[in-house]
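Asks: Here the sequence shown is numbered in the numbering used here, starting from 1 and rising by one per residue.
All clues stand as given, with none of them false.
Result set (DSS-like, lysine-lysine): computed pairs, CA atoms no more than 30 angstroms apart in a straight line:
(1) K193 / K78
(2) K198 / K148
(3) K193 / K148
(4) K198 / K185
(5) K193 / K204
(6) K198 / K78
(7) K357 / K204
(8) K204 / K185
(9) K348 / K204
(10) K198 / K357
(11) K204 / K148
(12) K28 / K78
(13) K185 / K148
(14) K78 / K204
(15) K198 / K348
Distance windows between CB atoms, simulated:
(16) G261 / L134: 41 to 51 angstroms
(17) E146 / T176: 23 to 33 angstroms
(18) H200 / S139: 29 to 39 angstroms
(19) L342 / V140: 49 to 59 angstroms
(20) E359 / R22: 46 to 56 angstroms
(21) R335 / G187: 20 to 30 angstroms
(22) R16 / E146: 35 to 45 angstroms
(23) E23 / R151: 44 to 54 angstroms
(24) V197 / E257: 24 to 34 angstroms
(25) K28 / V128: 16 to 26 angstroms
(26) A196 / S136: 28 to 38 angstroms
(27) P137 / R328: 50 to 60 angstroms
Rather than coming from a laboratory, the hints here were simulated on the basis of the structure.
Since we're looking at a predicted model, the values are computed, not measured.
Heads up, the beta-carbon is just placed ideally off N, CA and C, and yes, glycines get one too.
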Amino acid sequence: MVLHGPEIIDSGYALRLMDRLRELGPVKAVLGGTMGRLALIDAAMQDAVEISHRRRPSQSIRDLDADCDIIFLLNLAKSRESGLVFGAMVAQEAGEGRPLIHIDWGGGFVSLLRGDERAAVVAGRLAVELGLDLLSPASVPNAFDEGKGGRVRRALFAVFPGELISVNGTVIGRATESRVEIEAKEGRIVEIKGVAVKQHGLEKIDHIDLRTAIIRSGSIRRTAAPQKRDAARRISGWEDDLVEAAFIDHCAEDAFEAALGVEVVVSVGDDTTAIAADILSRLGIAVMGIVDGDLDHLGSGRCMMEGSIIFRVEPGHDDVVGRLVMERIFQGRERIRIAPGLLAERIKELAGGHLLKMEQAETVNSHRHFS
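With these hints in hand, go ahead and build the complete structure from the sequences.
Replies: Structure below.
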């Protein structure tokens, strides 16, 4: 089983199918991506599913070809159209191999992406058992186009107008059409179609490789997660001790990897801080977030560890203060050893007159500053 996205786990469908398939034989389940990893932790399924490090579903499918007789791709798409397009693109990237069956509870269908008559029988039986439609795979849309002069175009399909469009975790606008196109030249975005562009977000993207970038429409997690966290010691209780601190700038989904072995994380940006705080609350890690009130609600998480601190600065100055923190406190490094109390004081000093408010979370569910 290759699980894609947190929704298939939050909904309970992944566990349901896993239990069903175990009646037929041994089951190996894998998942890649940060938000899916959170969903596993929230569902207490982290021991039942192998967590890969940022591998695309097509890569995980290729990994399983050598050991498995049949592979299932599971997800919960926003619509039938988006689910069919997703399955077709994954199958194309995965290439030839073992029988591959796509089960999509969001789109309400089962589809045989590759395989023989025996696999077709399995797909048909599962469709009946699960109450889903049995559909043929969709044709593969042309999502990439490389032109002259170093130009690369990438398209998103089955987008809902009004959805946020994000590139590597940075929101660049809201969709105005069902098809979105982004074009870059020599790593710089030069044209966007089907989007009401958020210029401030676009300015934050210095360089982009459209071939490998994570480009999304909508929230990074559309389904609800339990709001229960294990409390950790507060910053005020260990502010004089030297600890490992990490820096995250507008890429909250890197929080798991960035935070391995640290006790406090400095984050820059409203959505980055909201997402990183929610992610790191599972690990008992506090956040010092630099925000300016420009929250897009890219993620649905609202939790943070008690003792976390939010530095709210004047509009447009979170990036400015963030750069100063990286240059003068972290000295260009992603990690440093520093006392949390000193770190907080130095961030406050660098924010200077741009600092509007400094607020410390008193409980693990404190989120007033994200409202």
